[in-house]
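Asker: Quick note, the sequences are listed as chains L, W and S, same order. Per our numbering, residue 843 is the first one in the first sequence, and the count goes up by one each step. Per our numbering, residue 12 is the first one in the second sequence, and the count goes up by one each step. Per our numbering, residue 73 is the first one in the third sequence, and the count goes up by one each step.
Calculated from the structure, these hints are not laboratory results. Glycine included, every Cβ here is placed at the ideal spot set by N, Cα and C. Some hints here could point you the wrong way.
Stated by the list, open to error - What follows is a set of in silico ranges between Cβ atoms, one per label pair, in the way DEER data are often shown: (1) L:ARG1111 <-> W:LEU21: 36 to 46 Å; (2) L:ARG933 <-> W:LEU214: 23 to 33 Å; (3) W:LEU21 <-> L:GLY980: 22 to 32 Å; (4) L:ILE944 <-> S:ALA305: 22 to 32 Å; (5) L:ASP847 <-> W:PRO146: 50 to 60 Å; (6) L:PHE1033 <-> W:MET178: 42 to 52 Å; (7) L:PHE890 <-> S:ASN229: 51 to 61 Å; (8) W:LEU127 <-> S:SER249: 50 to 60 Å; (9) S:ILE299 <-> W:PRO146: 35 to 45 Å; (10) S:SER433 <-> W:GLY153: 50 to 60 Å; (11) L:GLN968 <-> W:PHE22: 12 to 22 Å; (12) L:PHE1033 <-> W:LEU189: 15 to 25 Å; (13) L:GLU1020 <-> W:ILE274: 30 to 40 Å.
Said to hold, decoys possible - Listing some non-contacts, in silico: residues in chain S with all C-beta distances to chain W over 10 Å: (14) SER131; (15) PHE166; (16) SER249; (17) ILE299; (18) LEU304; (19) PRO417; (20) ALA429; (21) PRO446.
One-letter residues, chain by chain:
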Amino acid sequence: MQRQDLRTWLLLVPAGAWFLCMLILPLIVVFVFAFGERGAAGGYVPAFTFENFANLGARWTAFKNTLILAPLGTLACLLIAYPLAYFLALRASARWRTLLLILVIVPFWTSILIRSYAWIYLLGGQGIPSLLNALGFGNPRLINTPFAVLIGIVYGYLPLMVFPIYVALERLDKRLLEASSDLGSPPWRSFLQVTLPLSMPGVATGSMLVFILLMGEFLIPAMLGGGKVFFIGNALVDLFLQSRNWPFGAAVAVALVVVMLVTVAAYLRFTRRWAGGRDDVSLM
Amino acid sequence: MRIYAFAVYLFLYIPIGVIALFSFNAGRHASQFQGFSVQWYGKALSNPFVVDAFKTSLTVALSSAVLATLFGTTAAMALQSVKGRLRIAFDALIYIAVMVPGIVIGIATLIALVTLFDWLNPVLAAVWPLADGAPKLSLGYGSLIAAHGLFSMALVIIIVRARMAGMDRSLVEASADLGATPWGTFRQVTLPQIFPGILAGFLLAFTFSFDDFIIAFFVAGSQTTLPVYVFSSIRRGVTPEINAIGTMVLAVSLLLLVTAQAILQRGRQAG
Amino acid sequence: MTDRKDFLTREKFMQELWRYKKGSVTRRHFLGVTGLGLASSVLGSAVPGLRSAAYAQGSIGDRVVVASWPNYHDPANFDAFTAETGAAVDLNVFGSNEEMLAKLQAGGSGWDVFVPTNYTITTYVEQDLIEPIDLSKLPNYDAASFDARFADAGTVNGVVYAVPRNWGTTGFVVNTSMLGDLPKPSSWKEFWDMTRAEFSGRTMVHDYQLTTIGNALKYFGYSFNSIDPAELAEAEKLLLDAKPHLFAINSDYQPSMRSTDAWMSIAWTGDGIQLHRDMPEIDYVLGKEGGELWSDFFAIPKGAPHREAAYALLNYLLNPEVNAKEVAFHGYPVADARVNAILPPEMLNDPIMYPAAELLSPLEFGAAVTLTDPNRAELMARFKSA
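If we strip away everything but chain L, and leave its shape as in the complex, we get (with noise of 0.2 Å):
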């Protein structure tokens, strides 16, 4: 190992400390948390048993919402964002694109819980529904439903999705565009073949970012969905604030933990053969 001199390791210490402190450590007590045992009126008792990770099947339908919805979840927002970006990168005018821009992210800085309610309303028996209703569509139940919780995700991550995308569209040199289709290919051609590999950073950035923050959401179900569709982050929040099951919580956490390391560790394999192998972690 090299020597590295004093100065290095002074500017790291601070952040190294940090890192140690109230990550790496946090994460070591809940991992030995998962190996304890509820305490008599619930807490955590220390033990060491397995049987905790027996256990995990009991919340196997939360996990599985949540595995179905944020990667369903992220390919609807890919889809809605992408085209969007598209048209702020490469079709508004230059003095019209920052002033879109900014109104793409200013609703990402209202409370995702405010615009959550809103939600909570439009979708309920006085919102859209009684709206198609009165159009003679009947009376559809979209409230507290996986249909909603959906709609919100996919609303209240947009904005994140979009961003990365409009970078990568914007960075493409236009010049490419102009030679494919003078070389005769049609729009769509051009698209496929040019515009869409070398967007694909911004589409891979994009998506992690929002699959990672899916796979440990708690709000929007909660509040959209009604208590009926359960993620694995309500479970979390039930199991430490409610049930008070810590050392089946912590195990759940240990579990979500590793389903993160390996699907974000398996997307970024896939990803890397596009974005052209890096060898550090690059969400920009």
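For this one, chain L is given, so just place chains W and S on it according to the hints.
Answerer: Frame of chain L, contents of chains W and S only:
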């Protein structure tokens, strides 16, 4: 294409329109419009708990952003000249900080700190030399800033490193060759180039902390941040006061961004 | 000028209440004999010594943090308290005792006052999460005028840890205008059957193990507090069967009932009254098989940061005149005879507030074991995540 974009913007802003609409509701419920009134803005601004929550959010966001930017930048710089296992270790730490979901970090911090305090407080009480009782450690500002700063710091390191990667190294070497001290080189060559990255990191860190609910929900203890206040308001029974808060936050951020954009625009035209 | 002739001894009051609950006497007799039916204004205004202790503005601090239940407090009373003492009331709302316990166990809750239900107090004492009440700081609390049946749970091992706030029942509310040809349900069997049939997608249950599991147990006629694994297994099967038909799992059901998104929900007395008041088609029903009889208390958690403010608020709310205003707002019956003397007769005759004896007798108080039993907690969690 333009129609599509318009539709998406509509989708983005209809719920916000609903929020803004009901913030002017004269009635008590946020779901039945009963006349126009600005009373809820007055109530929100004069509600001591709203003001408190806002101040807490602001303090935590500023502190954690400043600390994260400071330590993150220094770490990013140091990591330039670090190789081997230390480098891999740091890369792993950053990767973990970003990849572990916020809820796990919140819970982990909660149980780690609670366990620590349960153990530490009696010890402190036993050994405290002064007569007026030992300080009782508990969740609050400290835990909030520490937990928020963690994720923010990882973000800053990533951004600044990316910025540094695109930097022109020859300038740094030239500066050193011409006899400048390392600090001088940093101040006059490196810093101006990475400054946009530092600024971006700071802004992102601030935004993340100000808007964060999940981590604050677990580690805030007796302090209330604005998102946590909104959450408990929703449980308390939604009055248009929440709509007023949301609309105000939206209006202020919109104003800030548009102003910043206008200033930058003018700067670009003048310069 | 205190005319206390029609003010009963506690023993006689208890005796009459038991006779009433057993069905030996009519409700009218009960109300007449205990003086609850007499809204004698003479009595009402003539009880001496009941003033809020005068607190100078600012002397108790600038805030008091309260953890309580949905739709439980009149904001006007809090405003008046703030105007009088300068302390603003920070109200945090929870949907179950388990959530309150979890927050207190995690420490640093910052609460000054919280509202536990009768069955939780022994656990709080065991876990050392609660402080004994210094009754000398509550001059408005007169133990003798409270019905012991609803006040006793606050005293553990001879020490008073909690003072009674109000009592109530757990039944269900149903929007009768949505019934069509169906008879109005009167039992938990009908509740759970209708949930899965005619009212599919329109029923709510509490996010609260005691009431949701308890009332599922009632479907089979088991005890509300059962921790027997076989009985719990049957209840779990019923719950899982009903889950796809539920509108939501939420202890705050008023908004959904008001917007008619939900037509039926497990409910508490006061919400029943509040809903019925504004929407007369919504009725409150006590299941024939039984259900819960409960008593809520005021308590002070250990390490409350604003203790003086906590006592000031409690003393203020226990003032019979203020308490009567609270009752008029939230509709939950109070076990304080002084308050009931002030309330108007229509309220005291309200069958939701004071149910008939034959409906009251099968009700059970919650048992402490349900709070600590890991099986019940895990059952509820499994039901929610299914």
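Asker: All the hints need checking, so say for each whether the structure fits it.
Answerer: Going through the hints against the structure:
1. L:ARG1111 <-> W:LEU21: 36 to 46 Å: holds, 38 Å
2. L:ARG933 <-> W:LEU214: 23 to 33 Å: holds, 27 Å
3. W:LEU21 <-> L:GLY980: 22 to 32 Å: The hint (22 to 32 Å, Cβ to Cβ) holds, given that LEU21 of chain W and GLY980 of chain L are roughly 24 Å apart.
4. L:ILE944 <-> S:ALA305: 22 to 32 Å: violated, 57 Å
5. L:ASP847 <-> W:PRO146: 50 to 60 Å: Taking Cβ atoms as reference, ASP847 of chain L and PRO146 of chain W lie about 38 Å apart, which means the hint is violated.
6. L:PHE1033 <-> W:MET178: 42 to 52 Å: Cβ of PHE1033 of chain L to Cβ of MET178 of chain W: about 34 Å, so the range 42 to 52 Å is violated.
7. L:PHE890 <-> S:ASN229: 51 to 61 Å: violated, 35 Å
8. W:LEU127 <-> S:SER249: 50 to 60 Å: At 56 Å between Cβs, range holds.
9. S:ILE299 <-> W:PRO146: 35 to 45 Å: holds, 42 Å
10. S:SER433 <-> W:GLY153: 50 to 60 Å: With a Cβ separation near 54 Å, SER433 of chain S and GLY153 of chain W satisfy 50 to 60 Å, so the hint holds.
11. L:GLN968 <-> W:PHE22: 12 to 22 Å: For PHE22 of chain W against GLN968 of chain L, whose Cβ atoms are near 20 Å apart, the range 12 to 22 Å holds.
12. L:PHE1033 <-> W:LEU189: 15 to 25 Å: Since PHE1033 of chain L and LEU189 of chain W have Cβ atoms about 50 Å apart, the given range 15 to 25 Å is violated.
13. L:GLU1020 <-> W:ILE274: 30 to 40 Å: 34 Å Cβ-Cβ, so the 30 to 40 Å window holds.
14. SER131: holds, 17 Å
15. PHE166: violated, 8 Å
16. SER249: It holds; SER249 of chain S is separated from chain W by about 19 Å at its closest Cβ, greater than 10 Å.
17. ILE299: holds, 27 Å
18. LEU304: holds, 28 Å
19. PRO417: holds, 29 Å
20. ALA429: It holds; ALA429 of chain S is separated from chain W by about 34 Å at its closest Cβ, greater than 10 Å.
21. PRO446: holds, 18 Å
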